[in-house]
Amino acid sequence: MAMHGVPPGVTNPPAPLPPDAGASPETHKATGTLVLVLVFLAAFVVYYFINWKLLSDVWRVG
Amino acid sequence: MNSGMESPKGIWWKPAHRNEKLWVGIAFAWCMVLFAMMPLWHLRGGQNPSGIRGKVEPQAFMARTQEFIRAYQVGTESGIPVVEPPPGSDIYLMAMMWSWQPVLRLRKGAEYTLHLSSLDLNHGFSLAPVNLNFQVVPGYDYGLRVTPTAAGDFRIICNEFCGIGHHLMLGRVIVLDDQAPGAGAGGGGQ
Amino acid sequence: MTRFRICPTTGLKVDPQADALIKANAVVATVALLIGGVSAIMVLLTRWQAVHLLPADWFYRLLTVHGMNMLIFFILFFEMAVLYFAGAVLLNSRVAAPKVGWAAFGLMVAGMGMIEWTMFTGQADVLFTSYVPLRATSWYYLGVILFAVGALVVTVLFFATLAVAKRERTYQGSMPLVTFGAATAAIIAVITLGHGAAIYIPTYLWSLGLMKVDPEVYRMVWWGLGHSSQQINVAAMVSVWYLLGALTVGSVVVNEKISRTAFVLYVLFISMASAHHLLVDPGFSPSWKIWNTSYAMYLAVLASMIHGFTVPAGIEMGQRLRGFTKGMFDWLRRAPWGDPGFSSLIFSIVVFGFVGGITGVTFGTEQINIIAHNTLRVPGHFHATVVSGTAMAFMGVTYYVIPLIFRKRLAFYPLARIQPYLFATGMLIFSVAMTFAGTFGVPRRHWDITFANAPFDLEFSPAVSLVMGIMGLGGILAAVGGGIYILVTVWSVFLGKPLKERTV
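Chains as they are written, first to last, in the numbering used here: chain A, 1 to 62; chain B, 1 to 190; chain C, 1 to 504.
The set of hints was computed from the structure by calculation and includes no laboratory data. Treat the hints with caution; some may be incorrect.
[Said to hold, decoys possible] Capping the alpha-carbon separation at 27 Å, the derived lysine-lysine pairs in DSS-like fashion look like this:
hint, chain 1, residue 1, chain 2, residue 2
1, C, 212, C, 326
2, C, 257, B, 14
3, B, 21, A, 29
4, B, 55, C, 212
5, A, 29, C, 326
6, C, 257, B, 9
7, C, 257, A, 29
8, B, 14, C, 166
9, B, 9, A, 29
10, B, 9, C, 13
11, B, 9, C, 166
12, C, 326, B, 21
[As the list claims (entries may be wrong)] What follows is a list of derived Cβ distance ranges for each label pair:
hint, chain 1, residue 1, chain 2, residue 2, range
13, C, 55, A, 50, 10 to 20 Å
14, C, 327, B, 26, 20 to 30 Å
15, A, 15, B, 46, 51 to 61 Å
Note that the structure is a prediction, hence the values are computed from the model and not measured. The C-beta atom is built at its ideal place from N, Cα and C for all residues, glycine as well.
I would like the entire structure built from these sequences, with the hints used as guidance.
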């Protein structure tokens, strides 16, 4: 039962899970998350190497 | 399975499933790449912040810089001496509240050992618009071997807060083409 | 004899002293956020050169006020509240020695008061880092020492509470992951405060003329405090991620071993990263710089990347186990985006990771730092980590703290629901704009990039004014979001409708 001015997790806490939940490999999936983190890694690699390129354009210094 | 708010039941030291192992493996490999890039750039890259580092008393650095200015001065700009040192030499730049001295006239493609130090507080050497940045610490001589790669009229911004005149602190570096005529043509005042 | 109350939502047994200490620390944190926020707006409207609101001295002064109030007072008082929650409340335990907690709270408030007074009276125009030989009045350093001692006492009290809970068997098995994460934050806090003592005591004595402090040594030890304090924030933020995931969608811990090991990696390696502030300093060798800046081969970055997977994976798995199994992203699409705790959680993870993490690790590279040090890229980075990351997560969890601990309804709830969207969008625009400006060489901590009255002229690329204007707009949007948060929380706490036990 929702209530004004209270976030749903307070009045309707998430349903408890049965004790054997997630035990088997079929339910132990997080493919959506895996895709998201691979996108993150791709962004990281690109940004990182762009910066090496920017660095290589400045004066030589050592 | 339990949430992060609940105590795990039984032995929680369990092997990871395939998803987790895959990601940890990929992430670890990336970490190794990140680590390897730094020594690699020291071997093969042209920009490293190593420098020749040493300690120096501010008064001694000031004296050395003034000697440098006397030897190679070619003019004055906005009250600041302009010097044109020979390529390959040790050159000196002192930071103080609130100016960079002297103004340097350098040659494109020539290597210099640029000694940076401060006479008073921390300052930040920021060559614009190249965007080369180094910390300038009183009591320390940072001898960076620099080679200008383009001709132009550059500025030195101070990017480390050094008091109320911090934003007035602006220096100048002029880089002449390697084909340009020799020294003596000092700039006028501004 | 402690009389616990039972939380109707979680079933936890709550010590009224824990309630009171959480409330007190959270309220002071919000006061600091307000001071920090007002000074933020004024600093922003000054760096936006078209407006250039403050004169130079007040700019540098309020920049100091902004840094201290946000990075020290707001965040640390909030983290004290997190420690009481994770230690006493989550473990059904009494607070080990509440009177000590109150004394420490008083010390922290006294320290904060001293520091505010010295800053606002212009006796501490030294910026958050107070780099020697820049000098503030001795009272400033003394205030910092008092504050730090108070925080250290609360941290030790947290460990004492963990011991009491274990001895009195208030919970079964291992402590929950959120408490474990908070404990790693607390361990890093001890490392941090140790560095703090090592630098502020000598600097205090130096300010009295009693000893010398080498400027490069100061930088090294100070950043041992300064960066490690940010890692307290990381560990606390990640703990709050697991907490918010549990409260909002019942997220599961995918693998306790992996998550806990990642927290341990933080403790072992994260303080080495303080070196990334010294990469273009003359005092250290390349090998020292490389080893330390990489947190010993990036093992602490590995830890963050692990949590970056396990936290969303836990949400996904929790959702899938409750029936959201369609396709690859139904679990996310049909998550409670209207719950401000949930939206804050997601934005915190995304902006912290994609903007904060990526930019930080990149220019924490020894050589890349050459094109980033002291430019606007640096505040661009840390506003994505500590503001859009940690502060955002803390704001999100406040929306649960108010009903669960303060036992009040949230006032202006429709505003609360959009607050995370406004704040995250504003901060994202702000941080990215700063990062762009910094790549053009725009300096940080600088009153006038038109260089009026300087001996030479300098004009940045025309793109810079555009980007600085965008930064201004993003910052204003974020300030609106921050203002809504303060309005909602302060009103709810002092004027909000109480939640009666039996109606929940």
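Structure-based check of each hint:
{"no.": "1", "hint": "212/C x 326/C", "verdict": "violated (66 Å)"}
{"no.": "2", "hint": "257/C x 14/B", "verdict": "holds (7 Å)"}
{"no.": "3", "hint": "21/B x 29/A", "verdict": "holds (12 Å)"}
{"no.": "4", "hint": "55/B x 212/C", "verdict": "holds (16 Å)"}
{"no.": "5", "hint": "29/A x 326/C", "verdict": "holds (12 Å)"}
{"no.": "6", "hint": "257/C x 9/B", "verdict": "holds (13 Å)"}
{"no.": "7", "hint": "257/C x 29/A", "verdict": "holds (17 Å)"}
{"no.": "8", "hint": "14/B x 166/C", "verdict": "holds (23 Å)"}
{"no.": "9", "hint": "9/B x 29/A", "verdict": "holds (21 Å)"}
{"no.": "10", "hint": "9/B x 13/C", "verdict": "holds (19 Å)"}
{"no.": "11", "hint": "9/B x 166/C", "verdict": "holds (16 Å)"}
{"no.": "12", "hint": "326/C x 21/B", "verdict": "holds (24 Å)"}
{"no.": "13", "hint": "55/C x 50/A: 10 to 20 Å", "verdict": "violated (38 Å)"}
{"no.": "14", "hint": "327/C x 26/B: 20 to 30 Å", "verdict": "holds (23 Å)"}
{"no.": "15", "hint": "15/A x 46/B: 51 to 61 Å", "verdict": "holds (60 Å)"}
Checked against the numbered hints above, the structure breaks hints 1 and 13 and satisfies the rest.
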